[in-house]
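Going down the list, the sequences are from chains A, B, C and D. So that you can map any letter, position 103 of the first sequence is 103 in the numbering used here, and since no number is skipped, the others follow by simple counting. So that you can map any letter, position 74 of the second sequence is 74 in the numbering used here, and since no number is skipped, the others follow by simple counting. So that you can map any letter, position 135 of the third sequence is 135 in the numbering used here, and since no number is skipped, the others follow by simple counting. So that you can map any letter, position 45 of the fourth sequence is 45 in the numbering used here, and since no number is skipped, the others follow by simple counting.
Worth flagging that the hints you see were computed from the coordinates, not collected in a lab. Take the hints with a grain of salt, since some may be wrong.
[To be verified] The list that follows gives simulated cross-link-like pairs (lysine to aspartate or glutamate, EDC-like), each with its CA atoms no further than 16 Å apart:
id, chain 1, residue 1, chain 2, residue 2
1, A, 35, D, 102
2, B, 35, D, 53
3, A, 35, A, 54
4, A, 35, C, 14
5, B, 46, B, 31
6, A, 35, A, 66
7, C, 63, C, 10
8, C, 63, C, 14
9, A, 35, D, 28
10, B, 35, C, 31
11, D, 63, D, 31
12, D, 63, D, 28
13, D, 63, D, 53
14, B, 35, B, 66
15, B, 35, C, 53
16, C, 63, C, 53
None of the values given here were measured: they were computed from a predicted structure.
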Amino acid sequence: DILRFYPIYINLKDMRMTFTNRQYGRRTIVEIPMKDLDSSIATLFKNHLLELLESSPDDMVVIDLENVRFLDSTCLGALLTAFRQTGSKRKVALAAPQTAVLEVLNAARITRVMAITRTLNEALCLLPEHWLADS
Amino acid sequence: DILRFYPIYINLKDMRMTFTNRQYGRRTIVEIPMKDLDSSIATLFKNHLLELLESSPDDMVVIDLENVRFLDSTCLGALLTAFRQTGSKRKVALAAPQTAVLEVLNAARITRVMAITRTLNEALCLLPEHWLADS
Amino acid sequence: MSHRVSLGIDSRVESVRFLRAAIRGLCDEAEVPASLISRVELCVAEAVCNAIEHAYARQTDRKIWVNWVRHDDTLAIRISDCGQSMATDLFAMARDIRLEVDPDDPCSLRGRGRGLALIHAFMTAVDYTSADGLNHLDMRLAIPQSPQSLPSCGEDADSPSSGTP
Amino acid sequence: MSHRVSLGIDSRVESVRFLRAAIRGLCDEAEVPASLISRVELCVAEAVCNAIEHAYARQTDRKIWVNWVRHDDTLAIRISDCGQSMATDLFAMARDIRLEVDPDDPCSLRGRGRGLALIHAFMTAVDYTSADGLNHLDMRLAIPQSPQSLPSCGEDADSPSSGTP
Ligand SMILES: Nc1ncnc2c1ncn2[C@@H]1O[C@H](COP(=O)(O)OP(=O)(O)O)[C@@H](O)[C@H]1O
Ligand SMILES: Nc1ncnc2c1ncn2[C@@H]1O[C@H](COP(=O)(O)OP(=O)(O)O)[C@@H](O)[C@H]1O
C-alpha cells in the first residue's frame with residue numbers, strides 16, 4: 001500500500017485542521033478531523049472532495065464520518081455537488097455516521113446515490129456491486 | 001430499624017420533588033432528589049434541616065450529596081444556619097460531594113464544622129470522635 | 001410553567017457553533033429528548049445561517065437573536081434579524097422543496113437550497129413574518145412528555161423502600 | 001479570534017438554571033477546562049441571583065443580560081441589570097468578606113452574604129460599574145491554553161501514521 005497525503009490547511013476553531021486522504025488499495029479514505037461539518041467549512045469540504053475525485057478518478061472514496069457530530073445543509077450540498085461533478089461515475093460510501101448526522105442523510109435519502117455503512121471496515125469491505133452509485 | 005419519612009413537597013422543575021429522611025440506627029440520612037441546590041430551594045432546604053434537627057435532636061445527620069451537581073451560596077448558607085441554630089450540638093456529615101460542590105465547600109473551609117466523606121458508607125461508619133463539630 | 005432564554009450573536013458563521021452549544025445546553029436542561037435536541041440544533045443553525053447569508057448578505061457586524069421558550073409540551077424558537085426580508089411566496093415555496101436526492105435528476109444533487117426544507121422536515125410547525133424592520137422565523141416542536149415529569153412523590157411516601165443501606 | 005454570545009432572561013430565580021446550562025454549553029464548546037466551567041457556572045448564577053434579589057428586589061418581570069466573550073486566554077463575562085445600583089463601597093468591601101467558617105464565630109455561620117465573596121474567590125478579576133441606568137458586574141477568568149490548540153498539523157503531514165486500518 002502506498003500512503004498518500006493531500007493535506008489542506010484551514011484555520012478553524014483557533015487551531016489548524018486538515019482533511020486527510022488515506023489510501024487503502026483502490027479506495028481512498030477521507031478523514032475528517034473536525035466535529036462539525038458546518039457552513040464555515042462547506043467550501044473547503046467541497047474543494048477537497050473535488051480535488052480528490054479529479055486526481056484519482058478510478059478509486060472508490062470512503063468518507064469516514066465517525067467523529068462528525070454535526071452535518072448541515074451546506075456540507076450535505078458540498079458532498080452532493082462534488083459527487084455530481086464527477087458525473088456519478090465515482091463510487092462514494094459514508095462510513096460510521098453518528099445518529100444526528102444519519103438523520104440528515106436519511107432525510108435526503110442519500111442511499112439512493114451513495115452507500116452508508118455502520119463502520120469504516122464495512123465500507124472498506126463493500127464489493128463494487130454494493131456501492132449504490134450507478135447501480 | 002424504624003423507617004421514618006418527613007416528606008416536604010415542592011414544585012420544582014415542573015415536577016414534585018421532596019427531601020427525604022431515612023433512619024439508619026442513630027443516624028438520619030437526608031436524601032436530596034434534585035440535582036441543583038440553588039436559590040430557588042434554599043428556604044425549603046433550610047426548613048427541612050431545621051425541622052429534622054429539632055424533631056430528633058440526638059441523632060447524627062448525614063446529608064447525601066451524591067446526586068447534587070450544583071451548590072450555591074444560598075444553600076451553603078441554609079446548611080450553615082440550620083447547623084448554627086442547633087447550637088453546634090449536632091454532628092453533621094456531608095457525604096459523597098461531586099467535585100464542583102466540593103470546591104464550594106472547601107472555599108468555605110466547611111470541614112472546620114462538619115465532616116466530608118467520599119462515600120455515604122464512610123459517613124455511616126464515622127465514629128463520633130471523628131465528626132468534626134464540637135471537636 | 002414556561003421557561004424563556006434569549007440569545008444573540010453577531011452575524012458571523014464562526015459564531016453559529018456557540019449558539020448551537022448554548023441551545024444544546026438549554027434543551028438538555030429542559031429535558032428535551034436527545035434525539036430531538038440534535039434536530040433543534042440543526043434547525044437553529046440553518047435558520048441563523050440563512051439570516052447571515054440572505055438577510056445580511058454576509059455582513060459580519062449585524063445582530064441575530066434567538067428566543068428560546070420551553071412550554072410544557074412544545075419548544076418554541078424564534079430567530080430574528082433586521083436585514084433584508086424574504087419574499088413571502090419564497091417562504092411558502094420552501095415547504096414543497098424536495099429534500100430527497102434522485103440519481104436521475106442532477107438538480108436534486110444541487111449544492112444549496114436545503115436549509116428551509118430541513119427545517120420543515122424536522123419541526124412541527126414553521127412560520128416566517130416581517131414587521132417593523134424585523135424578520136422572524138418561528139419554529140415549534142412538539143415534545144413528548146417524559147414519564148418522570150409526572151407527579152410521583154405520593155408513591156414514594158406511601159411505599160418506603162427497604163431502609164438501611 | 002474572540003467569540004461572543006449574549007444571553008437574556010427575565011428576573012426569575014427559576015430561569016437561572018437555564019442560564020447556567022447555556023453557559024456550560026458555551027464554555028464546553030470554547031474548550032474551557034471542566035474544572036473551570038463549574039466555577040464559571042457558579043459565579044454567573046451568584047451574580048444573576050444578586051441582580052434578581054438586590055437590583056430588582058425580586059420583581060419577576062425585569063430583564064438580566066449576560067454577555068459571554070471567549071478570548072484566547074481569558075473568559076470575560078458581564079452581567080447587566082437596569083435596577084437599583086449597588087453602592088460602590090459595598091462592592092469594594094465584598095473583596096474582604098471572609099468565606100471561611102469558624103466554629104468560634106457564629107457570624108461566620110450566617111445564612112447569606114457569600115455570593116460576591118465566592119465570585120472573588122473563583123474569578124481572576126471582578127469589577128462593578130453603573131452608567132446610564134445600567135449596572136454591570138464584570139468578571140474575567142484566565143484560561144490556560146490547552147496543548148491541543150497549538151498548531152500541530154505540520155507534524156501530521158510529515159509523519160504519516162501506518163496507513164491501512
Ligand atoms: N432568513 C432569510 N432571509 C432572506 N431570505 C432567505 C432567508 N432564508 C432563506 N431565504 C431565501 O430562501 C432560499 C432557500 O433557503 P434555504 O432552503 O435555506 O437554502 P440556501 O440557504 O442553501 O439557499 C435562499 O436561497 C434565500 O433566497
Ligand atoms: N447586583 C447587585 N445589586 C445591588 N446590590 C447588590 C448586588 N449584588 C450584591 N449586592 C449587595 O451586596 C450584598 C452582598 O452580596 P452577596 O455577597 O452576593 O450576598 P447575599 O446576596 O447573600 O446578601 C448584598 O446583600 C447586597 O446588599
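- Item | Structure versus earlier hints, numbers of those that do not hold, lowest first | 1, 2, 3, 11, 12, 15
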